[in-house]
Every structure is written in structure tokens, then in C-alpha cells.
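One letter stands for each residue in the lines below.
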Amino acid sequence: MIDLQHVTKLYGSVIGANDVTLSLPPGAYGLLGPNGSGKSTLLNLITGQLRPTLGTVRVSGRCPWKDVELRRRIGVCPEGELLYANVSALEWVRYLLELHGFGSRQAAELAEKALDGVGLADAMHRPMGGYSRGMRQRTKLAQALAHEPDLLILDEPLNGLDPVARHQVTELLRHWAQGGKGLLLASHVLHEVEAVTHTFLLICGGRLLASGAAEEVHALLADVPNEIRIRCNDARQMAQRLLQEEIVEAIRFTGEEGSLVVSTRSPATLYARLPEWIADTQLQIAELHSTDDSLQALFDSLLRIHRGKP
Amino acid sequence: MKELRSAWVVFRFECRRTLTLPRLMFGLGLALFPAAIVALLQYQGAHLERDERGTIALFLLIPEVVCLMGLLLWAAPLIHAELEARTWSYLAVRPVGRGSILAGKYLAAVVWTIACAWLSLVLCQFAGPVGPRLTWVLAALVPLSCLTYGAIYVLLGVLFLQRAMVAAVAYTAILEALVAWIPAMINQFSVQYHLRCLMVKWMDLPGPQAGSVEQRLLFSDAPAAWHVVVLLGATAILLTAAAWILRRRELVKADEI
Numbered sequence: 001m002i003d004l005q006h007v008t009k010l011y012g013s014v015i016g017a018n019d020v021t022l023s024l025p026p027g028a029y030g031l032l033g034p035n036g037s038g039k040s041t042l043l044n045l046i047t048g049q050l051r052p053t054l055g056t057v058r059v060s061g062r063c064p065w066k067d068v069e070l071r072r073r074i075g076v077c078p079e080g081e082l083l084y085a086n087v088s089a090l091e092w093v094r095y096l097l098e099l100h101g102f103g104s105r106q107a108a109e110l111a112e113k114a115l116d117g118v119g120l121a122d123a124m125h126r127p128m129g130g131y132s133r134g135m136r137q138r139t140k141l142a143q144a145l146a147h148e149p150d151l152l153i154l155d156e157p158l159n160g161l162d163p164v165a166r167h168q169v170t171e172l173l174r175h176w177a178q179g180g181k182g183l184l185l186a187s188h189v190l191h192e193v194e195a196v197t198h199t200f201l202l203i204c205g206g207r208l209l210a211s212g213a214a215e216e217v218h219a220l221l222a223d224v225p226n227e228i229r230i231r232c233n234d235a236r237q238m239a240q241r242l243l244q245e246e247i248v249e250a251i252r253f254t255g256e257e258g259s260l261v262v263s264t265r266s267p268a269t270l271y272a273r274l275p276e277w278i279a280d281t282q283l284q285i286a287e288l289h290s291t292d293d294s295l296q297a298l299f300d301s302l303l304r305i306h307r308g309k310p
Numbered sequence: 001m002k003e004l005r006s007a008w009v010v011f012r013f014e015c016r017r018t019l020t021l022p023r024l025m026f027g028l029g030l031a032l033f034p035a036a037i038v039a040l041l042q043y044q045g046a047h048l049e050r051d052e053r054g055t056i057a058l059f060l061l062i063p064e065v066v067c068l069m070g071l072l073l074w075a076a077p078l079i080h081a082e083l084e085a086r087t088w089s090y091l092a093v094r095p096v097g098r099g100s101i102l103a104g105k106y107l108a109a110v111v112w113t114i115a116c117a118w119l120s121l122v123l124c125q126f127a128g129p130v131g132p133r134l135t136w137v138l139a140a141l142v143p144l145s146c147l148t149y150g151a152i153y154v155l156l157g158v159l160f161l162q163r164a165m166v167a168a169v170a171y172t173a174i175l176e177a178l179v180a181w182i183p184a185m186i187n188q189f190s191v192q193y194h195l196r197c198l199m200v201k202w203m204d205l206p207g208p209q210a211g212s213v214e215q216r217l218l219f220s221d222a223p224a225a226w227h228v229v230v231l232l233g234a235t236a237i238l239l240t241a242a243a244w245i246l247r248r249r250e251l252v253k254a255d256e257i
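Protein chains in written order, with this note's numbering: chain A, 1 to 310; chain B, 1 to 257.
So here's chain A without its partners, still in its complex pose (with noise of 0.2 Å):
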């Protein structure tokens, strides 16, 4: 489906993807890296928006730079979101597939599908300035999915979704997925790429450090401290009774009032453990998340392998 043969991309001497080599058979992907790692240079690269500086890329089979022909078997989602205000997404959805070369009546049909699909049946007639973030994701969702293509490609999709809008779209790439058509879901968040599929490349720093299953990763995180930011009544006494637990390996004060970040290679033991102490305790939790950091980490630890550095 996707094959990528020794791919550079500069833009003058800021390198965007760096002698990246990988052929992916159909399927669903998820390329997972950090922001800025080079994860939309490589999406615009192979829809054609890009030309690479050196290497070849090919989709099934044919140059997407010269081909404008494959262009229609391919769905594209970016990732910014700033939409026609003036223009209703039934209009805008509409006028792309009347460029994807379907004729007027096919191309409002398709379109109202399309967005009826994304759960926007009663706002489509409205102007798009003023949908909310999450409304203006689902519009873009379903212009990539209107002409119903070969190949998917969405960066970051579900940004700015609210839990039950990420929870439909989620289920509608699972769907897509289970379809067995291709999918390249781009994402820094990996639980969000773990929901659609259970396959991974891996990106940071222009490179592809990493492919493979969603075990192999966790594999790899194993070996890297996650970090949790905990927000609470009392920052200390919850430092106190963290440290006497052993899977806790650092604690660190971020300087905001009642916030601690904790280090620790199980997070999961921690999340499970954590009712029991917030009861000994008689503190209150007002916030509790992962920070990007773990992840930030493992793609740290990957380039050092990467780089033949202990």
C-alpha cells in the first residue's frame, strides 16, 4: 500500500523526515510521535503535497508528487482546522466532492451521508463559523470519508473532541479499520492510537525509530518512567504516602499549588492502588493525568538506541 525507499526531506537545512525506509502492506497503522517529530512532513509526503529531497515514495504503487489520478483513492484529514466561516459543511463537503469529480446530485448525497455519518445531520446546514472545535473535526472527518477511499489518512483526528464525540469516531475508525481498507492515523496520544488499531510506527526527530504492535510498545515503555500529574488538597502529605510505596520513583513538585508529578514504571499498579491511600489519607484528588512526558521519554530512550548509544 504505502511504500517509502530511503525518504529525506529538508526544508533548507531543517530536516523534516530523515532516510526513512518502511513498506506497509493494507491495514490499519497508527504513526505515533511527539509534536514536531516530522509525522505530518511524512502524511504530506506520501498524499503528494510534498516532494521528497531525496528517496522515492510510492502509493500502491505510483508517485503521489506526479499522480494526481491516486489522489482518489485517498481520504485526507489534516490537522488544522480552520474552515470557510461563511460556508455550511454540507455546502463545503459537497464542493470537494464535486472536485473528487462527482457530479452535483451524487456529490450532495454522498456529502449528507458523510456527515449524517459523523453525527452532524442537524448542523449541516449551518455556516461553520459557528461550529464548535469538536463539530469542525467531525466536518473534516467526513470529507476525508465522503468519497469512501482506498486509503484513510487522518493527523491528529481527534483533537479537540469532547469524550462522546472521540468515543463515536473512535468506533467509526475501528469500523473503517475492521473493513479492511487502509488506514495511517497520526497522534502523539498513544492510548488514542491503541483504541483504532494494535499497530505502530514510531517517530521522533524526522526518523522512524520503531514499527510494530501495540505489545512490542508497551514492551518498550516498560523500561520508561511514566509520569502522572496528581493535583490534590494537600501536595505534600500526598508525597508522603507515595514515598512509601515502591513502584514510586521520584516525586517532583511543579511549583503550582497542590500539583506533584510521580515517576514510576507502573503506572497501572499506581492508578489501581491510588482509591486505597486517597482513603488512608482523607485527600482529595481534583485532577489526575498522564503527561506526555512518558511518552516524550520512550521516543528519548528509542533515539538513543537508534543511535547506538547506551
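Please note: incorrect hints may appear among the correct ones.
[Said to hold, decoys possible] DSS-like mimics (lysine-lysine), calculated; alpha carbons at most 30 Å apart, straight line:
| no. | chain 1 | residue 1 | chain 2 | residue 2 |
| --- | --- | --- | --- | --- |
| 1 | B | K2 | A | K181 |
| 2 | A | K66 | B | K201 |
| 3 | A | K113 | B | K2 |
These are computed hints drawn from the structure, not numbers from a lab. This one's a predicted model, so the numbers in the text were calculated from it and none came from an experiment.
Chain B: place on chain A using the hints.
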């Protein structure tokens, strides 16, 4: 055929999308400006039908100022506006040539400006008697002006993506406002020279035969058809060049890489 259809789809969508109150108000304001000047001239006792200066004033106001202003705002930033709004990538991943997208957008900008200039001409009729011959001549010069200036601005917009407006203003100030009036052969490279010559021919104004050497360099004795061919030929060449460049450019914003 497919390319033509795509250009038509883009043109239709652009016309609809740009139908906003601010743009309509701006268009009306632009159309009213020459009418206000005509009213002032009329108030001062000028007879536009007979007065050569009035004819030149209307030529400078409608096929020049109104058309240039409209195109400066609507044709020069065609691609830059899409990139800024991050909407370009949705168009660029469709199986249509970039040339079709450019053609559709260019036509929409030209049609908007022609409509604005013709409205201005109609409003001028209310401000003072312009005369049927002058009206028809100006009405014929407007599309020629819009097509050619539009093509120049589109090419500048494709060449200088981030500074499309600056490049267009610089071009207008240097070539169309300055070089066009230099009594030397270099003025033939300006659009205004050809429009001016057409104006003189079609209005039967005193031409180069009657004037000095300088006047002969400011006007041409070539037939009107020659100037029309030059303007339309230049339009075709400039648009082809713009489409060729656009097809080869990588249009991705720095924060999208």
C-alpha cells in the same frame, strides 16, 4: 473537459463563498468612488461628453483605479489566503490539477471586479451625463483591464506567496503608474499603455499623428485589434506561467511540517 468542469466548480463555490456583507460593502464603496468624482466635476461645470480631460479622468478612474483596487484585493492573495486559512490542503489532495483551482479562483476575482466596475459606470450615469460612446468604450475596456491585470496579480501571488499584496502594489506603482507614462518604448510593457491606446482609438481622440515625438511614444498608431491581441495574449501567457509554477511549488505552511 474535466479540468474545465473543475474550474467551473471552483468558480461557482468562490462566487458563493465571497458573497459576504463586508465584501459587498467594499464593492459598493469602490463603485461609488468614481461616481463621486464625476459628481464633483459636474458641480465644477465640466462637460464629460465633450471634455477630453473628463474622458481621461473616467478612464483613469474606472478601468484603472476601480479594476486595480478590486483585483489587488481579490486576485493577488488567491493562494496566500487559502494557505493562511489552512484550507489549501483540502483542495490540493483532490484529483484535480492545481491549474483548475487557480483558473476558477481567478475567474471569480475577475467577475467580481468587472461587476464592480460596471456598477461604477452605471452610477456615474446618475452623477453626470457620461455619454453613450464613452460609456460603451469604458464598458469594453473594463473586461480587458480585469483579465490582464488579474493575470499579472495572480502570477505575482504565485511567485511571492507570503508577500503577494506587496509585490502587486510595487508592480502597480512602478510599472503602471510610472513606467506607463515614460515617453519611451519601455512603456509598451505596461497594460495601461495598451488600454490607453485603445481608449484613444475607440474615442477618436487626437492620436499620435497630430502630436509631438513624445506623444507618439505615449500612444500607438497600431490598429485597435493589435492592442486587444497583445492584452489577451499576455493574459494567456501569464496565467499559463502561474499554473506551471503552482503545479511545481510545495505549498505547506511551516507549522504544518
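Each hint tested on the structure:
1. K2(B) <-> K181(A): holds (28 Å)
2. K66(A) <-> K201(B): violated (48 Å)
3. K113(A) <-> K2(B): Holds - the C-alpha atoms of K2(B) and K113(A) are around 25 Å apart, at most 30 Å.
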